[in-house]
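Chains as they are written, first to last, in my numbering: chain X, 1 to 275; chain H, 276 to 503.
Warning: the hint list may mix true and false statements.
Computed list of lysine to aspartate or glutamate pairs in DMTMM-like fashion (alpha-carbon distance at most 25 angstroms, straight line) [as the list claims (entries may be wrong)]:
#1 X/117 - H/380
#2 X/117 - X/131
#3 X/103 - H/448
#4 X/87 - X/227
#5 X/129 - H/380
#6 X/103 - X/215
#7 H/426 - X/131
Just so you know, these hints were derived from the structure itself, not from any lab.
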Amino acid sequence: MTEHVRRFTPTQMLFHLGLIITFMILSVTGLAWMFIETAWGRLLASPFGGYQGALQVHKITGLVLLAGFAAHILYTLTRVTWKGFPKSLFGPDTLVFQWRDVKDFVRHLGWIVGLVKAPEFDRWSWWQKFDYWAVWWGLIIVGVTGLMLYNPVLSSQFMPGWMLNIALWVHRIEALLAMAHIFTIHFFIEHWRPRAFPFSATMFEGSNSLETMREEHPAWIARLEAEGRLDDALVQPAPLPLRILFFSTGYALIGLGVFLLVFAIINVGLLTLRL
Amino acid sequence: MSSRSTTGRRQRGLLPALLLAVLPVGVAPETWAADVLHPYEAASTGYFREQDTLPGSYHLYQTEQAGRFWGLGPGGSEVRRASFSSDAHVDVLGYTGRTCVSCHETERHSLHSSRGNVSCVQCHRGEPIAGIHHYYSPMNPIRRHAYVCAKCHQGASASFATYVIHEPPPLADSTRDEFALFHYAVWFMVILAVGIFAIFLPYVALWGMRELGGWARAKKSAGGPHDD
């Protein structure tokens with residue numbers, strides 16, 4: 001077994017795991033509510049005791065996710081190097097978009113069409129940063145509109161009731177965008193593209209093999225070596241039973257996502273909701 | 276109602292309990308009518324203002340609503356003459372024995388009917404059905420919140436009652452005039468969502484093909500892909 005490089009801390013893995021669990025519950029209950037006119041929607045709602053139960057679980061899970069988001073924001077603040085702020089935000093280890101990411105994007109595109117050599121990514125590639133910040137932007141949109149819709153009688157005391165017409169559609173479209181993005185693009189990039197196929201456990205294990213990291217993040221490994229920090233970053237890969245657990249749980253969730261996406265597309269014509 | 280499980284009933288009790296825990300206490304204090312800042316943000320006090328009882332005063336509310344947020348709210352749709360009548364269907368030939376949606380086909384679907392199975396007359400009331408602007412109609416904006424919405428939505432305010440039940444299709448051209456902010460906000464979200472996929476789908480498809488090509492070449496030259 002090859003050696004692994006540590007990439008995520010247990011806290012970061014916990015945030016991702018919490019996000020997966022709440023996101024999946026919200027997806028199932030939200031689609032159940034959106035598709036309640038169809039047999040498929042009622043099937044999704046049935047484990048929650050029908051549509052009212054699904055809606056209540058959706059609301060409560062939404063609050064849990066927002067609480068997790070708040071915790072994550074606080075966590076992020078503790079991770080910022082305040083010495084030398086704001087310049088410290090622009091190092092190679094941060095997730096802040098930098099000029100380098102634009103160049104990497106263009107170069108990556110050039111590599112895809114076969115014009116140039118592949119870019120040498122540092123710790124984070126541009127799509128990893130995009131996926132990270134997409135959660136922020138998505139959560140702000142669904143979070144604000146979700147809170148508006150949580151108790152319409154209360155929220156209409158602070159804004160005209162017709163704002164809820166807008167909030168509901170914005171909430172729906174952002175949620176559909178998030179689900180479709182996760183269940184196609186995110187799964188493809190992290191698990192299905194030939195180099196990662198069939199499953200990348202990095203986010204669950206916290207590490208990936210040195211060899212893979214040399215290929216995918218060569219500038220990061222080179223930097224760790226040059227600074228003499230690589231040896232400290234090396235860890236043992238997870239034992240086999242744990243890797244089997246990651247794989248099977250991961251694929252159960254991937255399967256659930258694909259199931260939701262496929263059946264949502266199949267049933268969308270039966271909805272009376274019209275854009 | 277009777278067919279629901281006890282779990283359902285238990286869950287319904289859970290939400291108010293949770294709300295009490297989450298929401299600040301005293302969100303809707305008892306207020307003197309004179310201290311109410313704005314009739315639309317205030318919960319209904321049960322008091323009416325002078326113009327509330329005058330025939331035709333609905334337009335004060337319509338103008339007020341349509342003028343809010345730079346005129347981006349609802350209220351731009353045309354107002355029908357029959358909506359001022361005490362019997363909106365008095366001139367309709369062959370009215371007896373027909374269903375509402377046989378004429379009002381486009382009003383068939385709303386969240387209230389498709390999700391809540393609320394029938395037309397539960398809000399628009401029985402015969403003779405008054406136009407929604409008739410000043411004795413329960414649907415008149417001056418009392419709709421109290422006479423109609425609050426039947427199910429306890430504590431509904433006049434602001435709450437401005438929620439558009441029979442929503443126009445958000446992307447339609449006509450909605451730009453009827454409910455501008457709704458139209459623009461939904462268009463913005465649709466462009467955002469479609470834009471993301473228009474960029475990412477071809478991108479990852481080409482990327483996958485590129486890796487597949489590279490993988491095949493590596494297999495040919497080195498005898499196999501990297502062992503991971």
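Results of checking the hints against the structure:
This hinted pair does not check out: residue 117 of chain X and residue 380 of chain H have alpha carbons roughly 60 angstroms apart, beyond 25 angstroms. The suggested pairing of residue 117 of chain X with residue 131 of chain X holds, with an alpha-carbon distance near 24 angstroms, which does not exceed 25 angstroms. With a C-alpha separation of about 40 angstroms, the suggested pair residue 103 of chain X and residue 448 of chain H falls outside the 25 angstroms cut-off, and the hint is violated. With a CA separation close to 20 angstroms, the supplied pair residue 87 of chain X and residue 227 of chain X stays within the 25 angstroms bound.
As the CA atoms of residue 129 of chain X and residue 380 of chain H are separated by approximately 48 angstroms, the hinted pair breaks the 25 angstroms bound. Straight-line distance between C-alpha atoms of residue 103 of chain X and residue 215 of chain X comes to about 18 angstroms, which keeps the hinted pair within the 25 angstroms bound. This hinted pair does not check out: residue 426 of chain H and residue 131 of chain X have alpha carbons roughly 45 angstroms apart, beyond 25 angstroms.
The structure is inconsistent with the numbered hints 1, 3, 5 and 7, although it conforms to all the rest.
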